[in-house]
Structure formats: C-alpha cells, structure tokens
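**Q** In case you want the letters, here they are:
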Amino acid sequence: MSGELTKAVADLQEEEALKLTNDWLASGMDPNAILAESRDGMELVGERFGEGEYFLPELIYSAEIFKEITEIVKPKLKAETQKKRIGKCIVGTVAGDIHDIGKDIVVFMLDISGFEVFDLGVDVPPEKFVEKIKETGASIVALSGFLTLAFDAMKGTVEAIEAAGLRDQVKIMIGGGQIDDEIRKYARADAYGRDAMAGVSMAKEWL
Amino acid sequence: MTDYAVDFQPIGRKGECRADETILACARRLGVDISSVCGGRGTCNSCRIRITSGALSEPTDIETGAFTRQELDNCWRLACQTSPTSDCQVEIPLESMTASQRVYIEELEIAIAPDPAVKAYHIQLTTPSLSDQRGDTDRVLAGLNEQHGVACRKIDINVLRALSPRLRNWNWECQTSVRHDEVVALGPWPSRQLGLAVDLGTTTIAGYLIDLNDGQTLAYTGAVNPQVNYGEDIISRIDYAIKSSDGEIKLHELAVNKLNEMVTNLCAKAGTSIEEIVEATVVCNTAMHHILLNLPVKQLVLTPFSATANLSLDVKAHELGLRIAQGAYIHFPPNISGFVGSDHVSMLLASNHGLTDGPVVALDIGTNTEISLLVGDEITTTSCASGPAFEGGHIKHGIRAVEGAIERLRITEDGVNYQTINKARPIGICGSGVLDALAQLYLAKIIDGGGRLAKGNPRVRVIENRAEFVLVDGEGEDRKSSIVITQKDVRELQLAKAAIRSSIQLLLEATGFVDEDISEVIIAGSFGSYIDVSSAITVGLLPALPLDRFHQVGNAAGMGAKLALVSLAKRKEAEGIASRTHYIELANASAFKQTFIETSHIGRYRIKQGKREAVT
Numbered sequence: 000m001s002g003e004l005t006k007a008v009a010d011l012q013e014e015e016a017l018k019l020t021n022d023w024l025a026s027g028m029d030p031n032a033i034l035a036e037s038r039d040g041m042e043l044v045g046e047r048f049g050e051g052e053y054f055l056p057e058l059i060y061s062a063e064i065f066k067e068i069t070e071i072v073k074p075k076l077k078a079e080t081q082k083k084r085i086g087k088c089i090v091g092t093v094a095g096d097i098h099d100i101g102k103d104i105v106v107f108m109l110d111i112s113g114f115e116v117f118d119l120g121v122d123v124p125p126e127k128f129v130e131k132i133k134e135t136g137a138s139i140v141a142l143s144g145f146l147t148l149a150f151d152a153m154k155g156t157v158e159a160i161e162a163a164g165l166r167d168q169v170k171i172m173i174g175g176g177q178i179d180d181e182i183r184k185y186a187r188a189d190a191y192g193r194d195a196m197a198g199v200s201m202a203k204e205w206l
Numbered sequence: 082m083t084d085y086a087v088d089f090q091p092i093g094r095k096g097e098c099r100a101d102e103t104i105l106a107c108a109r110r111l112g113v114d115i116s117s118v119c120g121g122r123g124t125c126n127s128c129r130i131r132i133t134s135g136a137l138s139e140p141t142d143i144e145t146g147a148f149t150r151q152e153l154d155n156c157w158r159l160a161c162q163t164s165p166t167s168d169c170q171v172e173i174p175l176e177s178m179t180a181s182q183r184v185y186i187e188e189l190e191i192a193i194a195p196d197p198a199v200k201a202y203h204i205q206l207t208t209p210s211l212s213d214q215r216g217d218t219d220r221v222l223a224g225l226n227e228q229h230g231v232a233c234r235k236i237d238i239n240v241l242r243a244l245s246p247r248l249r250n251w252n253w254e255c256q257t258s259v260r261h262d263e264v265v266a267l268g269p270w271p272s273r274q275l276g277l278a279v280d281l282g283t284t285t286i287a288g289y290l291i292d293l294n295d296g297q298t299l300a301y302t303g304a305v306n307p308q309v310n311y312g313e314d315i316i317s318r319i320d321y322a323i324k325s326s327d328g329e330i331k332l333h334e335l336a337v338n339k340l341n342e343m344v345t346n347l348c349a350k351a352g353t354s355i356e357e358i359v360e361a362t363v364v365c366n367t368a369m370h371h372i373l374l375n376l377p378v379k380q381l382v383l384t385p386f387s388a389t390a391n392l393s394l395d396v397k398a399h400e401l402g403l404r405i406a407q408g409a410y411i412h413f414p415p416n417i418s419g420f421v422g423s424d425h426v427s428m429l430l431a432s433n434h435g436l437t438d439g440p441v442v443a444l445d446i447g448t449n450t451e452i453s454l455l456v457g458d459e460i461t462t463t464s465c466a467s468g469p470a471f472e473g474g475h476i477k478h479g480i481r482a483v484e485g486a487i488e489r490l491r492i493t494e495d496g497v498n499y500q501t502i503n504k505a506r507p508i509g510i511c512g513s514g515v516l517d518a519l520a521q522l523y524l525a526k527i528i529d530g531g532g533r534l535a536k537g538n539p540r541v542r543v544i545e546n547r548a549e550f551v552l553v554d555g556e557g558e559d560r561k562s563s564i565v566i567t568q569k570d571v572r573e574l575q576l577a578k579a580a581i582r583s584s585i586q587l588l589l590e591a592t593g594f595v596d597e598d599i600s601e602v603i604i605a606g607s608f609g610s611y612i613d614v615s616s617a618i619t620v621g622l623l624p625a626l627p628l629d630r631f632h633q634v635g636n637a638a639g640m641g642a643k644l645a646l647v648s649l650a651k652r653k654e655a656e657g658i659a660s661r662t663h664y665i666e667l668a669n670a671s672a673f674k675q676t677f678i679e680t681s682h683i684g685r686y687r688i689k690q691g692k693r694e695a696v697t
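These protein sequence lines are chains A and B, in that order. Under the numbering used here, the first sequence has 6 at position 7, and the numbering climbs by one with no breaks. Under the numbering used here, the second sequence has 386 at position 305, and the numbering climbs by one with no breaks.
Isolated chain B, as found in the complex:
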C-alpha cells in the first residue's frame, strides 16, 4: 500500500496519505479541520477542496452530482470521496474549514449567596515527634475535628499519595477542601477555592472559572467542540461511535482533551493553578453526557431512546481524565430524557424566576430543539429534530457563524442589503441570516405562504429546472462567487421551522393553552441569541405575540451550570425541576403529523383545531 505526500494549503500542513485513505480522513489525522457536516457520508457537500497539483482518484457519482462540469474541470472535489493517486497539493477554501467559529459566551454574574459543596478549612498541625507518631493523614483529620468540628473519615487516594511531602514543605500548615465527608484537595495556606462550570454543547463549549467563596466569574472561554469533525449532529456522531471500534473512546478523548486545554487557558487568564479548582459542574445534552462519561450510547438512538442514567451524578474528575484538583468531583445535574439533557434543566434553572403565573415557553434552538412549557409548578417538555438548517447545514450556501457569514438581511426595492460577521467579504449565510432571508423573501412576496419561489422576479434565476434567489451577485458564472438561496433551501427551512412550531403547538394542546395565553417566550442558546425575533414571527417559527413577551437570554445553560456549581440549594432545585418534568414524545402524539404539515406554511398564524388561522 503506497503512501503519498499531501500538502494542505493555505494552512501549510504536510503529511502522508495512504492510497486507500480519503483526503478527509488524512486531514483529520493530521489535525486539519475540514468541515464535514454529515461526518463523511457524501451528502452535505461541506468538505469542498481543490487540488492544485498532483492526481486524485476518479470522481465518484456523488461528486459528479455535487459539482458542475466546469467545477470538476477546475479540480474541485469532495474530501470525503477522494483519495490521492500521486503526491499532491490540496487547497482548502476558508468556507470548508471548521475552525474559528464565533462562540457565544457572556459574562453573567450570579446573584445568589454561594453555598458550595466544597468547604475550605485552614488547619495548623503539630509536628510529628517520637512522642507523637500519628500518621500524617490521621493528624490532618484530627486537626479538622479539633479546630473546626468537622468529622471527616475519607480522603481521596491521589490527595493521600501526595500528602506527606507537601505537609513537610508547607511546615504543617495547610488548607483542606472538604466535600461532605471527604477531603478532596489539600493546598498551601492560603489558597483560592475555585470551581469550573462547563456548558458542553454539541457545537460549542463554554467554560467558566468561578471563585466559590463569592460566586464571581474570574475568567471565561469558549471553543468549538472538536467532535464536530466526526459529525455535526448527535446522530452522526453516535453513528461514528458505534461503527468504529474505538469511536466512543476517541470522541471521549476529544472532549476531555479540549476541556483540559480550556482549563489551562482559564487558569492562565485568571493567574491561578489547576490545583485550586476543587469542584466542577458540566451541563450538556444527554448524548454528550454519555460520551463524556463513557456510557453506552447505542440505546439512545433506538426507540424508545432510553438514557443509561438521568439522575444527577457526582464523578471524580480524574476518573474521566479531567485535570483539576486531584480529588475533585464533577457534578452532573440530571437529564430529563434521551434527547433532553441537563443543559435544558440548567437553562430552566437559570431562567425560572417564577414571576408570572401564565404559561412560559422556554426553548433552546439548535440541530435538536428542546422546548418546555412552564405553568406554576408544572413543566411539560418535548424535543424535536429541527435539523441543521438553522446552523447553516443542508443549505446550499449555508455556513456556520464564521467571519464573512451573512448574519442579517433586508430586501428592499433597490436590492439586498446584508451584514456579515466582522464585516468581512461575504462567503456564505449563517443561521440568523437564513432566517432573515426567509422572512424578507416572504414579506417581499418573492415566496408565497406555501414557500414557492416566484420565477418571474428579476433576482430569481432558474438553473436546470431549479429556482434560486440571488442574494449576492458573483463576479462570473462560477457558482462559488454568487450566494443564493434555492427552492430546496426554502423547503429545508420550512421543515426545520415546522418541527419547532408544531412542537410548541403540541405542548400548548397538551396543557390546554393557546398562543395568546403565553406570557413569556424565553429563547436560549447561541442561535437564539442572534436571531431577529420579528423574522421568526414573520415566518411562523414562533407564535405571533407582542415582541416584549420574547426574551433572548443568551447562554442560560452556562448560567445554570454556574448556579449549580456554587450552590447546593440550586442543585436540589435542578433535581426538583427534572423530577417535575413531564416529557412528551412527539412520535406518540397523534396530531403531530397534521400539525407539522400545517406549520410548514410561512406566515403569522395560530393553529386552531389543526388548521391555520391568520393573525394580523
């Protein structure tokens, strides 16, 4: 089996690629982040590359379907379908890279009195002598008891192993961190007591370093979840985990390594050491939770979608390979179901202010959208597969929220006005832009309520019987330079928004309420934070309610993770939320299909007895 030399430009990474290895697999192996929404199946077209020298295997049927004749002649290929047949140089355009996505995290301060699981005690010990030959640890535990009235019998094995030399270094004075009845960390006096709160998202990870004594955020950081290279959505990722022999381990390692990197980053920003991080919380959806904990994932995706564990868990950080204080625990708040995880619980924890009696709808929009309807103490929840359309997936020129992505759009008589991220040259359109586009096309009557593109419009062109609307004119005939929205893109968006709207409708019907009753709509998550709510109402993604009833709360899941980190009372509250939640499985709801089809229509309406009723 021959190996060929591959040179990835402009990134400048060189390596060897086997003749039977795809360029995508080779790139992954060398740490080059080529985007692969579908995980390498050949269905998403996001791994577009160009060969600038050398030879590749013959284009597959999938590639001839994905590119025009001219593009193939210009050496455009799909990395997941192509293998080298000689040494070669491969150009990866910016839009095919996954890195440097805008990561939405914000500095939210907590307004509660900290009541952390870990408490710190300063102890001063007498030196061992021939007349006092007690063991070092026995001395420490006795000191805790005598000086603070804390009865503690357990100590983490790693802390135990490092204890003797350190006590001698510190001259028998130290700070002990005690969690319930266990010593989880030992440090010099005085040390800080810090905690790590993580929102482990499918796409982006947010990490916060918190002072456990006063709840202040010392530093925060965000990163793209490196697992995206193995599939942008949960199902593709789990598929990879099952199909390859070390898939589960690999995904786990990717997550843990990234977390360790983020911890180092946070400590550098705050000027602390990892030994001072004595507790952590992680919130995530159920699949991410299982991958991080190395729990089996297969049963999550087969009906009836059972989780291995939904209850809250306390697991030693060192068990998972997370490098913080040696004996520290990670607290995992509870999940609700196979598809609704602790991140949703965490979001509810942070947003649940209980100020209104009327029903509140809280949703986190992503590839999977979780929605809860809260009335008094009752919580009814469901989740739906909204698909990647709102994250740029399955849309011809859809991309993630990277530099150059169109994020805002208005259609006027003069043409299309748009705004891109960092005001860079437009290279594609991201979720918020795609939503604006749909709303604007509808308002300009370029698409009708059914979603059909009007072929007579000057900006609508028809190529091979397929209609598309030109958002940004390209320089030449090359598909690459004009940015369009196609008829198929509109259909994908209709499916995505129908999934979400029909789920909201089903929750209302299950609890006996209608749109107008909703007192507040809480929109959480990164996509939700950037959208123009009026666009969402215009297309019927959200009910037509006055704008002041909508609140975009940013990373509420991260906020909830912080609350659970610093407060035992908040952990109990999270458990209460999970136990009070009544989960509805959409597949079981007989009205779902009908409602789904009805809500695929674009416009402002309410659903009455299964049919649309326009709302002015």
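Next comes chain A alone, as it looks inside the complex:
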C-alpha cells in the first residue's frame, strides 16, 4: 500500500486516481487493498470538509470519483467479499422536518466508511423507524433534525422505539442544527454529533 491512491482521491485528482486503480488492478493487486486506500482518501476528504477547506462540491466530486473506482474494482471482487459491510445504520430526518442536505452528507460518509445505510428520507414518522429496525436488524439509528422544534419529534421517535421493545438493541444518535447535550438528554438519545465526521466516528465506536 503505497498511499498514492489515497493521496489522489484526497486531492480530488480524478484522472490520476482512475489511472492508478486500473494499473494496480491489472498488475494483480488485491481489489480490497485498492478500496481500502480509496476509503482512506475519502476519510481525508471528510476531515478537510470538516475544516472548511473542502466544501459541498468537493464532497460530491469525491463521491463521484469513489463511485468510479468502485465500478472498476467491483467485478474483480469475490462475491462474498463484495457486500462486506461493517454494520447497519438507519438514517432519517424526523417527523415535521424536511431538511436533508446535512442528513445526506452523513448517509454518504457512513456509506463510504463501510456501513450499510438505510436512508428513510425526510419527515419520517416514528413508526417508520421502528419498522425499519425490525426489518433490517440495524444496530445504529441516526436521527437528523435541523429545526429546533424537531427535538420533540426526536424524543417521540426514541419513545416509539422503546415502546416497541427495541431500545436495548440499538444505539441512537442525533444531529442537526443547534444540538447539544441538553437536547440529547431531552430526547434520551445515546449521543449527539456536532457534524458528519463526529457522527461517523461515533458509529464506528459503537460497533
């Protein structure tokens, strides 16, 4: 692992990244190693986004590059290793709130970090979260809400999960606009994330 691909992805050098991917694949390198370097590059992208150096367009661009790399590598991956996911995560913006850009960034970052993500969209009623937990057996639930009045909906969602007897089998995190520890306690969630990066770190810790 030379780190060249990591750097190319992190620096958004599309041509260079694709060239390295193709060359390495042709020379017989393990496809998983190629993906691992790409993911490391994406993590750097995430860090730079958190620092403000990269912005939304860069995030989208990096996603496109990563997607292209995955398309090239996928056929070479053995069937059983293709869907190797480190965990399952349900993400959604709570009932009454329709803000999605922040949520989408979290979904994106969880996905490239290796989670299997179920994006429920926006204005999601508590019952839908409950159903999805039952259906997928996911162990992490991420609730997004930007408007301060979404906090009641977050609380309601946590309570619905409790009422369904599922609270012990999931870890719940919240994120969004003006979230802090007071809101976390109010909603009875396990943790809150100040930004997408924090959310992903949290999810990884919970595995």
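Among these hints, one or two may not hold up.
Derived PhoX-like pairs (lysine-lysine); straight-line CA-CA distance at most 25 Å [stated by the list, open to error]:
hint : chain 1 : residue 1 : chain 2 : residue 2
1    : A       : LYS6      : B       : LYS397
2    : B       : LYS324    : B       : LYS350
3    : A       : LYS18     : A       : LYS75
4    : B       : LYS526    : B       : LYS692
5    : A       : LYS73     : A       : LYS87
6    : B       : LYS379    : A       : LYS127
7    : A       : LYS18     : A       : LYS66
8    : B       : LYS379    : A       : LYS154
9    : B       : LYS324    : A       : LYS6
10   : A       : LYS73     : A       : LYS184
11   : B       : LYS674    : A       : LYS66
12   : B       : LYS692    : B       : LYS397
13   : A       : LYS184    : B       : LYS692
14   : B       : LYS379    : A       : LYS184
15   : A       : LYS66     : B       : LYS653
16   : A       : LYS154    : B       : LYS339
17   : A       : LYS87     : A       : LYS154
Only part of the chain B face toward chain A is listed, based on derived beta-carbon distances under 10 Å [unchecked claim]:
hint : residue
18   : GLY123
19   : GLU329
20   : ARG572
21   : SER681
Ranges of calculated distance between the beta carbons of each label pair, as one might list FRET restraints [said to hold, decoys possible]:
hint : chain 1 : residue 1 : chain 2 : residue 2 : range
22   : A       : LEU165    : B       : VAL595    : 30 to 40 Å
23   : B       : LYS331    : A       : GLU15     : 54 to 64 Å
24   : A       : GLU126    : B       : ALA100    : 43 to 53 Å
25   : A       : GLU50     : B       : ASP142    : 17 to 27 Å
26   : B       : GLY657    : A       : LEU165    : 47 to 57 Å
27   : A       : LYS73     : B       : ARG661    : 50 to 60 Å
28   : A       : LYS184    : B       : ALA100    : 14 to 24 Å
29   : A       : ASP180    : B       : THR149    : 21 to 31 Å
Calculated from the structure, these hints are not laboratory results. By construction, the Cβ of each residue, glycine as well, lies at the ideal position given by its N, Cα and C atoms.
Once you've looked at the hints, dock chain B against the given chain A.
**A** The following block gives chain B in isolation, referenced to the frame of chain A:
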C-alpha cells in the same frame, strides 16, 4: 438560593443575579442589551463579556472551545454559559451590545390620491333639553345622517364610554371619524386625521406618521426590534416562544411596547396627540404577524408550515394593546405563506409599476430571503433561509451595522482599504462589508471559485490548521484586535449566497425564463440597500446582468404600508397581489439540491441544465 450583586460596565447598570441564573438572563432581566444571535444556546459567540472583579462558574466545554487559553486567562467568558459565584463586575464590550444599530428608513412620499378607510365629519349638535332628551350618541349618529348623509349604526365601546363628558366639554361640536359604518374616534373640531404605518421587521421596526387627508409623511422613526435579545432569527424566536410558558406573551409585549414608544416619539416629532391617529397598518413577515396578533406559531415551523391566517385582517388596536385613537383599527395586509408575509406583498405593491413586460425579479434579502418573479399578471414566489451571514451572524468578526462596522472594502496591491460606519475605529464587519470582502478576495485570486483560501498569500495566516485572511491588523497577538475573514466564514457566505441564487434559478426554471430575460432586479430591504451590486454579481449572488437593470429601492415594504394606510384601492390591490401569487416550496423542487451545490461556487455564471456556464 443565593443572590449576588452584579455590576454591568461601562453601561453602569447594577442588579441582583441568582446563583443559578446566567449572566445573559440576568442582563436581559435588567434591560441590558447583550447581543445573542442564537438566543443563548452557546453556538454564536456573540455574547462575549469580561469579568473585571469577582468570580464566575467554571468555563463550560462550549467556552473552552470558543476562547483561546490566553483569553480565558484574561477572564473572557460567554454570558449565556456563565453564572456568578460571588458579587462581580462584568465588562460588556461595545461589539457585544445590540443597541444603536443603523436603522434604514427613508422619507418616501406617496404619489396617489388618498382614499382612506376612515373619513372625518364635522358635526354641530343641538344641546339636549327637556323637550329633546335623545341620548348623546343617538344625537351624534342623527347628526351624521342629517348633516352628511352618512348612515352609521355602530360605535366603538371605548369611544362610547368617553363620549358624554367630551361632547359637553366641546360644546356639542365635534369631529367624528367613521370607518365604513362605525364611529371609531371622536375629537374636538378641528382635529387632524392621522394614520400610523409600520414595517415590523425581524430586526428593525420602521414607523411613519401620515396625514390621511393628503398622504404626507409628518414624521418617521426607526428602532431595533427588542425581540432580537431572544434570538436574532425567526426560528430561534419561535423556539423561545414555544419552550417557555410565557414566551409568546413576552415577545408580543416587547413588540407592542416598542410600538407604543415609537408612537409617542412620532407624536412628539409632529406635535400631535395619539388620539388623532385614527387608523394604522402593519406589514411584517408571517411569524412577526402571528406574534403581534397572539396567534399560535408552532405550526409555522413544522412542515408544511401553515399560517393560522393569510387573509387580510382588521383588528382593533386596543385588542393588541396599541395605544392610538380609542376605537381605531389596525389593517394587516395579507400574507402569502408561512414564510412569506405581508411585508413582501407590501414591497410588491410599492414596486409594481407594471411598466415592463419582461420578467422582473424582486427580492428582500435578510436571514430569510423572499423572492418573487413577476411576468405580466403572474407572480411566482419562494422563500429561502439565507441565514444570518449577510447580517453579520455566524461570521467570526461579523457584527450588525453599528458604528465601527466595516461596510465597504477594497483589496489593492498595497493592502486592504476599508470604510467603517460613521468612520469610527473598526470593530468588526457587517453584511455589506462581508459581501465586498468575498468579492474582493475572489477578484484578487486569494480565494478560488470553489472558495478555498490560498495559503501562500502574505495576508493569509494559518492558525491550528484553519486559514484566515487578515483584513485589519491588530496591535498584538490578541485575537480581539485583528479583524479577519476565516475559511469557515467563506463557507458560510457560500451557503448563504447559494440559497439565494438557487432560489432565483428555480423561479426562472419554473416560469421558463433565463437570466438574460430578466428586465429588472428590484432589491429591497436594509441589507439590499447598502450592498454594492457589482460585488453581488462578482460572487454570483445575483445574475450577471448590466448594472442598470438593478434597482435598490430601500424600504419598499414601508412604502407599501403607507400606500395601504391611505388608500382602500391599494388595499384591494395588495389582496389581488396575494391571491395571484403562486408560492413554490423549495423543498419540493427536485432540482434544488443540485442547483444549490452548483451555485455555491463563486463567480459570474448562468446555470444551464443544472451546470454553471461562465459569463464574461
């Protein structure tokens, strides 16, 4: 629970603060205006104070994140995070105070023939006698009928209560103010017939005293909306209203008390009495409207954002606690939606001259920006949360338009030239300055189209991995004295301008037009009045069109309020505007996200099929 003595300097206000009360809450209670953009949540850092004697609670995590080690050692704290642990003295720096903001109102004269809702009639009555024992009011109404042919059956209860002694004082001669079929005021003959027009903004309130007979403005005044202490933006304010048991009442009272204060001020300026103000109009955004009318606000901020009422309303001033003539009404022109209020309708009313066929874009830029696209009789409207960046919020050294705020900026080979409000010593940068800074940094290639700060530039320094551009050099290493624009500030501005530009783009796409088709761009509102339009074009906030197509119209909402005040025909026109408006919800527009990301880029461009195309 112990109480400690707190002394706020340099303002010189002393009082008691409970041990479990934050300094911010204590200051509010004592009437000391410490700025709090986020309403006390600890996310905006605008409530910076210094303790000069005494002890405070240990710094919270939020405070250790907000200040450097040196600043904490120098006793800098956030008022919303701190409580006293002994008697103390607190220094509030100028930039942490909300008061004395530049308030933009102007004297605009109306060019229409007045046709007010209230008409005045001089009546002379015969004295009661044993052979004519009619009731006083019956006498008045009969007089109206006989002397003016006005058939009137209703009279306001407060006017009724004061009528008998006053008629005797005036020797049975008076002036009756009649609104449709109701007597709303009674005064000595001759009295003036005045009206009050108010633009109740989220941040600033403008009030105008108008002579209803000729439409002339007798006096005008402006004030900062006192609700800002509970949150500078609508959402924070509504949050406060919902979360505390008397929040809605408190906000309502703040607004009404300030209006009453302004009325007294206006009357003093014009040499009139409040009894002569027989009619009022108030225009505002929907949330402010609901707060003033004591309508529930919770459903405004949850999808699908419904207002309790959008139609125009006529409400008794005394119902709301507004002290003008006893029986006077306040007319509220219609709202358009939960996020677009009568102030936008009012702006359209004042700017709609219908002279051009081509599409006209009219926008009022603020924390929320409302935009309409007018083509012939059709009006398509949307609103977006542009955020407080253009009002100095969320920007490291961003402040409101107060004395000392950098309002204009140019970057030359020699350095940074700037101009501050009232030419005072620079203490921060306000909206127009921030816009100039972004444009100038881009033109000087210190930031690229993506918004990244070039770390190699001599004025760019990197602190803890974060880049910032130094606008004004400080004396020492103290963060307080240099004024900078950080990489994060640039990102905030990109988000703000993307919200606005993508909304304009969506309106164009919904109506089948492109940038070049736009015949006129009307920019209303206080921020809009001060910006350098070429800076806005340079960064891509506004489409790249010839400068002569842009018109900064100042407080058009206030102008519209005046028009509605003096003319029933204009009220009908406002209702027509509201009913013709087709409101587009951005969240529903599938192309929004893509366009939003595209328009976060800085530069002059048009959007074609979802992608940027440079415009020279």
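**Q** The structure should be examined with respect to each hint, and the outcome stated for every one.
**A** Right, here's what the structure says about each hint:
1. A:LYS6 <-> B:LYS397: 69 Å, violated
2. B:LYS324 <-> B:LYS350: Roughly 39 Å between the alpha carbons, so the hint for LYS324 (chain B) and LYS350 (chain B) is violated.
3. A:LYS18 <-> A:LYS75: Answer holds: LYS18 (chain A) to LYS75 (chain A) is near 16 Å, not above 25 Å.
4. B:LYS526 <-> B:LYS692: Holds, at roughly 22 Å.
5. A:LYS73 <-> A:LYS87: Roughly 21 Å separates the two Cα atoms, so the pair holds.
6. B:LYS379 <-> A:LYS127: 24 Å, holds
7. A:LYS18 <-> A:LYS66: 14 Å, holds
8. B:LYS379 <-> A:LYS154: 17 Å, holds
9. B:LYS324 <-> A:LYS6: Distance of about 48 Å is beyond 25 Å: violated.
10. A:LYS73 <-> A:LYS184: 43 Å, violated
11. B:LYS674 <-> A:LYS66: Judged against 25 Å, a Cα distance of about 19 Å means the pair holds.
12. B:LYS692 <-> B:LYS397: 52 Å, violated
13. A:LYS184 <-> B:LYS692: 43 Å, violated
14. B:LYS379 <-> A:LYS184: 22 Å, holds
15. A:LYS66 <-> B:LYS653: Given pair LYS66 (chain A), LYS653 (chain B) is violated - Cα atoms ~57 Å apart, limit 25 Å.
16. A:LYS154 <-> B:LYS339: Violated. LYS154 (chain A) to LYS339 (chain B) sits at ~37 Å, over the 25 Å cutoff.
17. A:LYS87 <-> A:LYS154: 22 Å, holds
18. GLY123: Given a least distance of 7 Å, the restraint on GLY123 (chain B) holds.
19. GLU329: Violated - the Cβ of GLU329 (chain B) stays beyond 10 Å from chain A, reaching only about 14 Å at its closest.
20. ARG572: Since the shortest Cβ distance to chain A is 5 Å, the answer is holds.
21. SER681: Holds. Min distance 6 Å.
22. A:LEU165 <-> B:VAL595: 30 to 40 Å: 52 Å, violated
23. B:LYS331 <-> A:GLU15: 54 to 64 Å: 60 Å, holds
24. A:GLU126 <-> B:ALA100: 43 to 53 Å: 44 Å, holds
25. A:GLU50 <-> B:ASP142: 17 to 27 Å: Holds, since GLU50 (chain A) and ASP142 (chain B) (Cβ atoms, about 20 Å apart) stay within the stated range.
26. B:GLY657 <-> A:LEU165: 47 to 57 Å: Between GLY657 (chain B) and LEU165 (chain A), where Cβ atoms are some 54 Å apart, the hint holds.
27. A:LYS73 <-> B:ARG661: 50 to 60 Å: 54 Å, holds
28. A:LYS184 <-> B:ALA100: 14 to 24 Å: Given a distance of about 22 Å, which is inside 14 to 24 Å, the answer is holds.
29. A:ASP180 <-> B:THR149: 21 to 31 Å: Hint holds: Cβ distance 23 Å, inside 21 to 31 Å.
Hint violations for this structure: numbers 1, 2, 9, 10, 12, 13, 15, 16, 19 and 22, all remaining hints satisfied.
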